[in-house]
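Colleague: Read off the chains here:
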Amino acid sequence: MKPESAPPDEPVESLDRLLRLPDPLPPCTRDELLGLYRQMALIRRVEELAAKAYTQRKILGFCHLYIGQESVAVGAAASTSDDYWITAYRDHGHAMAKGVSARAMMAELFGKRTGASQGQGGSMHIFDKSVRFMGGYGIVGAHVPMANGIAWAARAREEERVCVCFFGDGAANQGAFFEALCLAELYRLPVVFICENNGYAMGTPLHRQSAVTDMSLRARGVGMTREQLAGWDVQRVRQRVAAARQHALSGQGPVLLEIVTYRYRGHSMSDPAKYRPAGELEQVRERNDPLTLTRRDLQKDHGLDDAAIEAVLASVEEEADDSWAFAESSAEPDPATLYDFVYAPQTTSLAADTDLSAARPQES
Amino acid sequence: MAEIFEMPQASPTMEKGTILAWHKSEGDALSPQDVIAEVETDKAAMAIEVFDAGFLLKILVAAGEEVPAGTPIAIIGKSADEDFSALLASTSAAPKKEAAAPKKKEEEAPTPTEAPASEPAGPGLPPLTWMGKAIDPSIMEVPAVYQAPGESGSGGRVRSSPASRRAAAERGLDLDRLKGTGPRGRITVADVEGAPSSALSSAAPLPSAEPTLIKHSAMRKTIARRLAQVWQEAPSFTLTAKFDCDRLVAFRADLKRAERNISPNDLLIRAVALALREVPEVNASWGEAEITRHNSVHIGMAVALDEGLITPVIRDADRKGLSAIAAESRDLATRARERKLKPEEFQGSTFTISNLGMMGIEHFTAILNPPEAAILALGALQQEPVVGPEGLRVGWVMRATMTCDHRVIDGALGARYLQALRRIVENPALLAG
Amino acid sequence: MATLQIREALRRAMREEMIRDPSVFLMGEEVAHYNGAYKVSQGMLEEFGELRVVDTPISEGGFAGLGVGAAMAGMRPIIEFMTWNFSFVAIDQVINSAAKIWQMSGGQYNIPMVFRGPNGLAENLGSQHSTAVDSIVAHFPGLKVVTYCDAHDAYGLLKSAIRDDNPVCFLESELTYGQKGEVPDQEFLIPLGQAKVRRPGKDLTILSWGKQVLMVEAAAAKLAEQGIEAEVVDLRSLRPLDQEAIYASVSRTRRCVVVHEGYLFAGVGAEIAARVQEVCFDHLDAPVLRVANRDINQPYATVLEKLVGPSIDRVLAAAHRVMGKASPAESTGTNALTP
Numbered sequence: 001m002k003p004e005s006a007p008p009d010e011p012v013e014s015l016d017r018l019l020r021l022p023d024p025l026p027p028c029t030r031d032e033l034l035g036l037y038r039q040m041a042l043i044r045r046v047e048e049l050a051a052k053a054y055t056q057r058k059i060l061g062f063c064h065l066y067i068g069q070e071s072v073a074v075g076a077a078a079s080t081s082d083d084y085w086i087t088a089y090r091d092h093g094h095a096m097a098k099g100v101s102a103r104a105m106m107a108e109l110f111g112k113r114t115g116a117s118q119g120q121g122g123s124m125h126i127f128d129k130s131v132r133f134m135g136g137y138g139i140v141g142a143h144v145p146m147a148n149g150i151a152w153a154a155r156a157r158e159e160e161r162v163c164v165c166f167f168g169d170g171a172a173n174q175g176a177f178f179e180a181l182c183l184a185e186l187y188r189l190p191v192v193f194i195c196e197n198n199g200y201a202m203g204t205p206l207h208r209q210s211a212v213t214d215m216s217l218r219a220r221g222v223g224m225t226r227e228q229l230a231g232w233d234v235q236r237v238r239q240r241v242a243a244a245r246q247h248a249l250s251g252q253g254p255v256l257l258e259i260v261t262y263r264y265r266g267h268s269m270s271d272p273a274k275y276r277p278a279g280e281l282e283q284v285r286e287r288n289d290p291l292t293l294t295r296r297d298l299q300k301d302h303g304l305d306d307a308a309i310e311a312v313l314a315s316v317e318e319e320a321d322d323s324w325a326f327a328e329s330s331a332e333p334d335p336a337t338l339y340d341f342v343y344a345p346q347t348t349s350l351a352a353d354t355d356l357s358a359a360r361p362q363e364s
Numbered sequence: 001m002a003e004i005f006e007m008p009q010a011s012p013t014m015e016k017g018t019i020l021a022w023h024k025s026e027g028d029a030l031s032p033q034d035v036i037a038e039v040e041t042d043k044a045a046m047a048i049e050v051f052d053a054g055f056l057l058k059i060l061v062a063a064g065e066e067v068p069a070g071t072p073i074a075i076i077g078k079s080a081d082e083d084f085s086a087l088l089a090s091t092s093a094a095p096k097k098e099a100a101a102p103k104k105k106e107e108e109a110p111t112p113t114e115a116p117a118s119e120p121a122g123p124g125l126p127p128l129t130w131m132g133k134a135i136d137p138s139i140m141e142v143p144a145v146y147q148a149p150g151e152s153g154s155g156g157r158v159r160s161s162p163a164s165r166r167a168a169a170e171r172g173l174d175l176d177r178l179k180g181t182g183p184r185g186r187i188t189v190a191d192v193e194g195a196p197s198s199a200l201s202s203a204a205p206l207p208s209a210e211p212t213l214i215k216h217s218a219m220r221k222t223i224a225r226r227l228a229q230v231w232q233e234a235p236s237f238t239l240t241a242k243f244d245c246d247r248l249v250a251f252r253a254d255l256k257r258a259e260r261n262i263s264p265n266d267l268l269i270r271a272v273a274l275a276l277r278e279v280p281e282v283n284a285s286w287g288e289a290e291i292t293r294h295n296s297v298h299i300g301m302a303v304a305l306d307e308g309l310i311t312p313v314i315r316d317a318d319r320k321g322l323s324a325i326a327a328e329s330r331d332l333a334t335r336a337r338e339r340k341l342k343p344e345e346f347q348g349s350t351f352t353i354s355n356l357g358m359m360g361i362e363h364f365t366a367i368l369n370p371p372e373a374a375i376l377a378l379g380a381l382q383q384e385p386v387v388g389p390e391g392l393r394v395g396w397v398m399r400a401t402m403t404c405d406h407r408v409i410d411g412a413l414g415a416r417y418l419q420a421l422r423r424i425v426e427n428p429a430l431l432a433g
Numbered sequence: 001m002a003t004l005q006i007r008e009a010l011r012r013a014m015r016e017e018m019i020r021d022p023s024v025f026l027m028g029e030e031v032a033h034y035n036g037a038y039k040v041s042q043g044m045l046e047e048f049g050e051l052r053v054v055d056t057p058i059s060e061g062g063f064a065g066l067g068v069g070a071a072m073a074g075m076r077p078i079i080e081f082m083t084w085n086f087s088f089v090a091i092d093q094v095i096n097s098a099a100k101i102w103q104m105s106g107g108q109y110n111i112p113m114v115f116r117g118p119n120g121l122a123e124n125l126g127s128q129h130s131t132a133v134d135s136i137v138a139h140f141p142g143l144k145v146v147t148y149c150d151a152h153d154a155y156g157l158l159k160s161a162i163r164d165d166n167p168v169c170f171l172e173s174e175l176t177y178g179q180k181g182e183v184p185d186q187e188f189l190i191p192l193g194q195a196k197v198r199r200p201g202k203d204l205t206i207l208s209w210g211k212q213v214l215m216v217e218a219a220a221a222k223l224a225e226q227g228i229e230a231e232v233v234d235l236r237s238l239r240p241l242d243q244e245a246i247y248a249s250v251s252r253t254r255r256c257v258v259v260h261e262g263y264l265f266a267g268v269g270a271e272i273a274a275r276v277q278e279v280c281f282d283h284l285d286a287p288v289l290r291v292a293n294r295d296i297n298q299p300y301a302t303v304l305e306k307l308v309g310p311s312i313d314r315v316l317a318a319a320h321r322v323m324g325k326a327s328p329a330e331s332t333g334t335n336a337l338t339p
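Chains as they are written, first to last, in my numbering: chain A, 1 to 364; chain B, 1 to 433; chain C, 1 to 339.
Only chain A is shown next, with the shape it has when bound in the complex (with noise of 0.2 Å):
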């Protein structure tokens, strides 16, 4: 049998391979989707208040929100809970939705020994290794091949896992973005590639940074499966991830998801954001906001009232701003501390203990 790793016999035709797959799931329960709700509010809350404690400059350096976005996270936390997940600078919501705490997220922003990186990340580093969440990174697209190796070693290590990389659409623009996207393909890996299209590279809008816009078309030239579709709604979101990782863990290689979305604040805290056309976050807010359409289907579908909502905004009120309290309450990092991040310590034995007799040496 062919080792799952090696090129096809045939070479790829160049198709336009969507992801056919139905939804798997069944549809979320009440308590699934007010779940759901509950994590993209919390994200939404906490991430307001980093925005507060920023103008207060109690976070400090570089600091990119996820407002807007929420539904993309929770949506794909919710069918790939148990997978890897790597992401880009933009992470709080990533993290939060994979299952780091509100604490350790805000203690982290706050540089404090507390956080979830023990305060040496900051704001693009977030990383939580008990909940497979493999990081935040602050170079464009530089993560994208890393993921190819997560899910490299995923399958060999015969986990029945793929790995979940998120990036933006200005990321699909970058060498390394492309490059994993072939080596990927080639050797079939377990890779779910989510570009969050949220209309903005930095401060360029998505038609002045590409010819095309649909960032799933990248897939078409590598002959890998594709899919675009709208993230407002996080039910869908939740849904079409599930036939993506479906789709990669069956062996037939990696899927490139385009998930639309919007972000409704700057690139950065430091960006006004001013390139926008006047009304466009507000159309969106109003339309497609991912808060107000969960709330609208767990009433609608779920029966819920409002008053029932309200007990869980109160609820993570209450979660964002003991995050808040805790971050501040929390020691800085101790400096005696600076020296233990330089190297990993050796676990690893360095004796020397081989059986060479399956290893001798082949003279020539």
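Among the clues, some could well be false.
Chain B is faced by these chain C residues, among others (derived, beta-carbon under 8 Å) [what the hints assert, rightly or not]:
#1 243
#2 279
#3 283
Restricting the straight-line Cα-Cα distance to at most 35 Å, the calculated cross-link-like pairs of lysine-lysine (DSBU-like) are [to be verified]:
#4 274(A) - 16(B)
#5 274(A) - 58(B)
#6 52(A) - 43(B)
Facing chain A, from chain B, some residues (calculated, C-beta under 10 Å) [claimed, not checked]:
#7 6
#8 8
#9 9
#10 33
#11 43
#12 67
#13 70
#14 136
#15 239
Everything labelled a hint here was simulated from the structure, so no lab data went into it. Quick reminder that beta carbons are idealized off the backbone N, C-alpha and C, glycines included.
For this one, chain A is given, so just place chains B and C on it according to the hints.
Modeller: Leaving out everything else, chains B and C in the frame of chain A:
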């Protein structure tokens, strides 16, 4: 609960902001991300948002005013009818906050500016530490100072900077005599510039930019006084004779074979003494009223010291045998160099010999050793072409130059003495006499 | 004791480690079916299969990044650059990813991987294929940088590099892959960060690493004929740097010359010279000199190419200078620049 809303830090460099306009009025409801006001900063006009739901209860800073970041500009409450009077009182009582930027500095964790510099406790590299904790040596910090295994503090050499070594050489200073005040006791240029004169090198210094002053020693003063006086007072002339010394050299070799260690100088002391007995007019001194003719022959022999010279005396040299002279001259020269002579041992000579032959001097003139009437300067005993009765040969010769006080010794008298000396030197058998 | 070419010693190290640990795999351009551009991995595909000896497209950034991700997720990749010159299109993965993830994750993810491939001059390959990357990769905390000069060390060091729990940049040389040397049959590992005194001497210390060590040894033999006993120290590892060995030798000989490929300006020699003067100031009888590549992009023509890098003549000139002796080589013009 009502909260103060402060002028936000809208950009990292912003220190102050001017409120251009309020977009909300007192009593208005607020949602997160609502623009509450527009503020002009150092960079641009910025929309200022709120991030909490609530009501704008009170505007504290009117449009058009400029305030530092961090200054309370509004009060925001959870409900429209909240009582915020206490909060309002606190804002008017409290002085306006300083700009946020300096405040931030105070809040920064204390950052150690330098690693603790620890002198190595023992041999080898000092352990790297940070905040008292050992650091993995694979981390590439530079250790304080290297100390080789087994090496004590200085590594066996005086610690000195290259610049200080150059400065010391220029000044003729000895680094061993300087005290370093630099790091780890290193001698620096400043230490060289402030060096005491006691640090002057005893070795011949390199040419120095500044002349070096050396205070007169007692011996130097004595030499200067006595020689200057005799130079001025005694009209002197010199006579040089060349002696054929083949037989003297052979005689000394015979003595050596007989295991008698007699130096050429010892032979000459006896020869000079015997010749003085033959020509006693030379063994004399000039006086105000009379010439003193000595009846004893006491030979002074000049011995060079680091700080001058001294002439120990071999008394009654004409009556002492070669072995006695040899023993006595050795002893006197040794003790002279050690500065251990008693006054009677370097005073009272009647005739002086100065011998620079062993230093390769062919001939020279000496200055009289007052009050003596003559001094004999002996040159090197060396091989030269000699014309003898049997023709040209290589022979041992020596030149002797006698300086005579003309007030006592006339030319012919001096010559007569050298003739007597020649007879003895060239016929060493006479030394036995 | 077997006599192995360096490529065979490297192969033996990789094979043993792959037999020992199933998480080790080799990935790079033409490492599998082609048997390696320089035949280092010859026969390994047959032995280990396509999942562990993996051909890649010409996509250094892509497969270097794949290696980093695999290392995060529990594998121990060996990523072969056909030459380190090609690492420049992947250097972000080396510097920004591999070197930093342990730190920026607050110590959650270590990166046990090796980037390896030939480095530096390989003769007449022109400007873009002749770069020594030593100072570039050695600049960053978090990376280890290792090199060797003979088959024995190539074997022992590569095994340690593969087992190291941190990213290691392993610098090889096209020119010496075929060089033979004795390697004991018994397995052994050489710890990273330990220099080796190749030749003891009392008059001056010559520090070097990689294939330059062989040239330095030849220079030391010539110096010995002139009555100058040079101590030749092969650093073997630039990160971690065996500072103890450097300071111990220099404080004894009181003179130091650093010889390396790569440019003089901001080269590794500059770092070592700075450390030596800082730490051993009172032990030095002469300034620390460096012999490195001249500040010229590598020309193709042989006559010019040979003038760029370190040479025996330039090492002799530098040794004579620190010994306070005029060198005849200094007046020939080719060494008129700082050696």
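Colleague: Would you pick out the hints that fail for this structure and give their numbers low to high?
Modeller: Failing hints, ascending: 12, 15.
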